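**Student:** For reference, the chains in residue letters:
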Amino acid sequence: EAGVVQSPRYKIIEKKQPVAFWCNPISGHNTLYWYRQNLGQGPELLIRYENEEAVDDSQLPKDRFSAERLKGVDSTLKIQPAELGDSAVYLCASSLVTAGEGYEQYFGPGTRLTVT
Amino acid sequence: GQNIDQPTEMTATEGAIVQINCTYQTSGFNGLFWYQQHAGEAPTFLSYNVLDGLEEKGRFSSFLSRSKGYSYLLLKELQMKDSASYLCAVKGYSTLTFGKGTMLLVSP
Chain A
-1 EAGVVQSPRY KIIEKKQPVA FWCNPISGHN TLYWYRQNLG QGPELLIRYE NEEAVDDSQL
59 PKDRFSAERL KGVDSTLKIQ PAELGDSAVY LCASSLVTAG EGYEQYFGPG TRLTVT
Chain B
512 GQNIDQPTEM TATEGAIVQI NCTYQTSGFN GLFWYQQHAG EAPTFLSYNV LDGLEEKGRF
572 SSFLSRSKGY SYLLLKELQM KDSASYLCAV KGYSTLTFGK GTMLLVSP
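Protein sequence lines correspond, in order, to chains A and B. For the first sequence, counting from 1, position 17 maps to 15 in this note's numbering; every step adds exactly one. Residues are numbered in this note's numbering as their position in the second sequence, beginning at 1, plus a constant of 511.
Just so you know, these hints were derived from the structure itself, not from any lab. The reader is advised that the hints may include incorrect statements.
Stated by the list, open to error - Subject to a maximum C-alpha distance of 27 Å in a straight line, what follows is the list of computed DSSO-like cross-link-like pairs (lysine-lysine):
| no. | chain 1 | residue 1 | chain 2 | residue 2 |
| --- | --- | --- | --- | --- |
| 1 | A | Lys60 | A | Lys76 |
| 2 | B | Lys611 | A | Lys9 |
| 3 | B | Lys611 | A | Lys76 |
| 4 | A | Lys14 | A | Lys76 |
| 5 | B | Lys611 | B | Lys579 |
| 6 | A | Lys60 | B | Lys579 |
Small disclaimer: the values here were computed from a predicted structure and weren't measured.
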């Protein structure tokens, strides 16, 4: 079974430029998460999708970040414009949540973003 | 909100036993997770505790005390490949909140 796929793995951009990250979750997983992980820190949730619906985006900086999950499968996270402080690893994870239960999240390899 | 505390770094010797502690204060508790993360890689699931007590899985065991807001991950017969960051994460009503992770260095 294929795991969570993310692309690109690495991205270097200049500040004020836009950038997009793509995630393909594990087949059949209805819940998708985007996390940001700074060096030496744990992952911090940015947004959580249940199928197509964003059910928790309270930590997403909506002035510059946007996300979508069309058809409840793949998802894209966008930053426009990027700032120096956005340099981090962006992790996508997925899980199967049924009847409000479900626990194990499977993580993708992440996209390491460097903003110069 | 959630507050999760774990040591920043630990060192141990190959073949030894190490215990990584995690304390938490949460508004809502639906389980505690331990993840392993090697440098430059994704976190991988190690264990899940929702009831008090010890869960054993091979060389790794995890303990939970909900009344004390306390968990530990016990690693036995340490191997060099166990050098990694170990993340404690608490599930609230619907999302996971991660601690900052404990970097474990296993030396020969």
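**Student:** For every hint, state whether the structure bears it out.
**Tutor:** Results for each hint:
Of the pairs offered as hints, the one joining Lys60 (chain A) and Lys76 (chain A) holds, with about 10 Å between alpha carbons and a cut-off of 27 Å not exceeded. Among the hinted pairs, Lys611 (chain B) with Lys9 (chain A) is consistent with the structure: their alpha-carbon atoms are about 24 Å apart, no more than 27 Å. A distance of roughly 25 Å separates the Cα atoms of Lys611 (chain B) and Lys76 (chain A); the hinted pair therefore holds under the 27 Å criterion. The straight-line distance between the Cα atoms of Lys14 (chain A) and Lys76 (chain A) is roughly 13 Å, inside the 27 Å bound, and the hint therefore holds.
Under the criterion of a C-alpha separation no larger than 27 Å, the hint pairing Lys611 (chain B) with Lys579 (chain B) is consistent with the structure, at around 20 Å. Note on Lys60 (chain A) and Lys579 (chain B): the hinted pairing is violated, with a Cα-Cα distance of about 37 Å set against a maximum of 27 Å.
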